[in-house]
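As they're listed, the protein sequences go chains A, B and C. Going by the working numbering, 432 is the number at position 432 of the first sequence; the sequence numbering is gapless. Going by the working numbering, 6 is the number at position 6 of the second sequence; the sequence numbering is gapless. Going by the working numbering, 305 is the number at position 305 of the third sequence; the sequence numbering is gapless.
Worth flagging that the hints you see were computed from the coordinates, not collected in a lab. All C-beta atoms in this analysis are idealised placements derived from N, C-alpha and C, irrespective of residue type, glycine included. Check each hint, because a few of them may be wrong.
Unchecked claim - Here are the in silico distance ranges between beta carbons for each label pair:
1) B:P94 with A:A39: 43 to 49 Å
2) A:G35 with C:R88: 54 to 60 Å
3) A:W412 with C:A120: 51 to 57 Å
4) A:A194 with C:L3: 37 to 43 Å
5) C:A92 with A:V199: 26 to 32 Å
6) A:L32 with C:T207: 40 to 46 Å
7) B:D95 with A:S364: 23 to 29 Å
8) A:V199 with C:A272: 39 to 45 Å
9) C:F262 with A:I282: 52 to 58 Å
10) C:L94 with A:G103: 43 to 49 Å
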Amino acid sequence: MTALISGLVLPLLAALAAIALPARARLPVALLGVGLTLAASIWLAISVWTNGAITVSLGGWQPPIGIALRADGLGAALGVMTALVMAAVALAARHEMEPLVAGPRTSFGFWPLMLLLWAALNAVFVSRDLFNLYVGLELITLTAVALVAISGKAEAIAAALRYLLFALAGSLLYLAGVVLSYAAHGTLDISLLAARTAVPGDALALGLMTAGLLVKTALFPFHVWLPPAHSAAPAPASAMLSALVPKASLLILLRLWFEAMPELATPVALFTLAGLGALAVIWGGVLALLQARLKLIVAYSTVAQLGYIFLVFPLAGGDGAAQPWAAGAWTGAMFQMLGHGLAKAAMFLAAGIYIAAVGSDRLSDVRGLARALPMTGFAFALASITLLGLPPSAGFTAKYLLMTGAFASGQWAWAFVLVGGGLLAAAYLYRPLTAIFAREIAVTPRPIPWGWQAVPLVLAMLSVALGLLSSVPFDFLQIGRPDQAAEGL
Amino acid sequence: MSLTVFAMTGATLVGLGVYGLLARVHMLRRIMAFNLIGSGLFLFFGAAGARGAALDPIPQALIITGIVVALAASALAVGLVVALARSSGTACLPDEAGDT
Amino acid sequence: MSLVLDIALCALILGVGLATVAGHGVFRAVIFFITYGLLLAIGWARLGAYDVALAEAAISAGLTGVLLLAAHGRLRRLSAAEEAPLRRNLPAALIATGVALALGWAWFALPDPAAPDLTAALPQSGVGNPVTAVLLNFRAWDTLLEAIILLAALIGLWMLARDRAWNEPLGLQYHARAGGVMASFGRVLPPIGLIFGVYLVWAGAETTGGAFQGGTVLAAVCLVSLMAGVLPAPRIAQTAWRAALVFGPGVFLLSGVAGAIFAQGFLALPPALAKPAIVTIEAALTLSIAVTLVLLVIGPPDDGGQDA
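Model the full structure from these sequences, guided by the hints.
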């Protein structure tokens, strides 16, 4: 319990201190907060591994009166992935958000916003209360929008405003569903809702919540806000926005469809969710092909990569949840969530290094930079392996498990999506990779400290290691998983 | 019966807000539309919470939280609109500035 | 009789809501929006939800209204306050009607009310007002995050300042004439408002009121004092203002941690200590909420210049 609460309290306390303390104390206190929260997240994962899922009723009040928190394998795993990405972001931001480089305004705001975002993500990963999840999502939205706008450029302001517009629309749709389910059942707790007496209004409530969460997850066709927002933010902010923020709303979707209201998961609904995911894989990939800037390519690739995760709905949801292939398909989608997070953060942080080195992320300007900054080039290439789904990366494990589920369940059409998406990823990553590894250097780069260059490399190596050592995370993700009766294939 | 009147008013307010959000492009209008949708939902919620023998305090507390959250979001949105107007001279999003 | 009254009130709310969406001119829409919030507050009072009524009037109508009015003023200076007239938009009308009809259907499809039974829990909560019991005890985690959200919105708002204006005083500068209406208003109103705001927080434990409502009243007092020039305009660099922002959430958070160490768990309040603990947390929160709201309304530091 202490580990779970520490993951919520420590980033909040550090954020408050970073706001109140004078400028010279800000960086030390923020880095201290990052280190302690990282430790708390790892500690939480270790306690979940040894003791199983951890449940806490806040203030000693059981639902439906109070709010319950529960750290299961998935929540704790997302917590550790988030902590690793945040630690990397902090190490990169030490250089990029330095007052002399970024100015006093940005160097003041970045740290509290980052810590508040982290606290909100941790809160969503463990909350079992639909309204508390709404409050957590709103904190994520406001901090994320502020991080998009932080550069102060005109296109960043417009992108942030568009992002806020979509995010608020999503919040209200979600809130409408929450209101309807409380009005009908007198509870907001996911476990109590699972045991409710079903009523006709439940389908509307679930539909509204799902629509709102899809907007926030930027699933096709609600993705238009994401690429401009993620590419307009400074690189450390983009890394958080792309790797972490969509995972929060996606996790709530999984909680709703697999835990709170699984009986409403009709084949048509599940097919629609996965169909939109498939379209996202294709459309995001095609648009990524057409971009001339590294950050935009990486941002459109997020649209595509999130699409794969939605294949979990028909492969492991509804009636399929009790089938032998469900555990594998479900875990595959979770590997995609974790692996994409690590790899995508690595790519954005690498892009940040290039921008610091040559002042631009145009493909024509980053040509040949692998010669001058070999670690960064290697990091981008390693992260690409995960996005392509090549062995031995986490992306490979994810696709292999999803593919097995698709064939075992006879839904082989989804296998085409997995293969086609991989080919598209190869096509859209070919251009940046050939540019970075070109023989001649286009712009002579400024020197970058090696400690900064190592940051994306470590993240990219972790995304590969997650695939290499997949058996431990596989077992970890099963802790507290709904419908555990079935064994993996 | 009165509760049904308030609930239907809430539902209609949500509809009005959705129309304003989709049909209006000036961002201050859209911020007001968001608030209309939110307050309509809350009115519906409040009416639902008043159906039992005693007034349920939980919806009331959630609504107060929701009102404060809406204020926070509105404040950031208003700030962004002013910043947008400062940098581009319009309070509409770039691709919509020419529409109604 | 009361049904007729409610129908009339709802018709008025809908009419003013429609004027907010469809009426001509952004400025008039804002005025309608404020009226709408005040009417809705009457509706909440009719439903017996007095705490919500107070929040609706003070926060939705009052503060959001002031925010919108101030923004409209700034947009006019930037000549961005004009808008194209509303054209008929059939798809939008269809979607809006569909949403309203779906919600209407959901109302009639609701099963019998199933509110959680709070009779055993309320005497343990330390306060007599059930809404305060939910906000500060049963669902304190929501309320703590909500206070953090206000703070996050303010930090986000400050990020919209121009770098060259960062060390300027916050907001556009107001100049009240010495001896003018604003200046004397600014001297008379604050003491009255101060007493009312503190009363609302104190009363919130037992009857209507609370930290957010009281904080809003205190914020209004502070805003009037700023406009009248009684208080000097704050700057971000001033540590006292930033400390006031984090004081309330900090006290709330640390009392939650104390619950984890000395009582049953995070945010737990032992029944014997619940009342003094809640009043202390509310007092600290009120101060921070008031300061946060003031700074949200006056906006980021602004030197008034336009971008190149």
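Hints, one by one, checked against the model:
In this structure the supplied range 43 to 49 Å holds for P94 of chain B paired with A39 of chain A, their Cβ-Cβ distance being about 44 Å. Between G35 of chain A and R88 of chain C the beta carbon distance is about 58 Å. The supplied range of 54 to 60 Å therefore holds. Distance hint for W412 of chain A and A120 of chain C: a CB-CB separation of about 56 Å, consistent with the stated range 51 to 57 Å. For A194 of chain A paired with L3 of chain C, a C-beta distance near 39 Å keeps the hint of 37 to 43 Å intact.
At roughly 30 Å, the beta carbons of A92 of chain C and V199 of chain A sit within the given window of 26 to 32 Å. For L32 of chain A and T207 of chain C, the hinted distance range of 40 to 46 Å is satisfied, since their beta carbons lie about 43 Å from each other. Separated by about 27 Å at the C-beta atoms, D95 of chain B and S364 of chain A satisfy the suggested range of 23 to 29 Å. Under the hint 39 to 45 Å, the C-beta atoms of V199 of chain A and A272 of chain C, about 41 Å apart, fit the expected range.
Roughly 57 Å separates the CB atoms of F262 of chain C and I282 of chain A, a value that falls within the hinted 52 to 58 Å. For L94 of chain C and G103 of chain A, the Cβ-Cβ distance of about 48 Å falls inside the hinted range of 43 to 49 Å, so the restraint holds.
Going down the numbered hints, you'll see the structure goes against none, and every one checks out.
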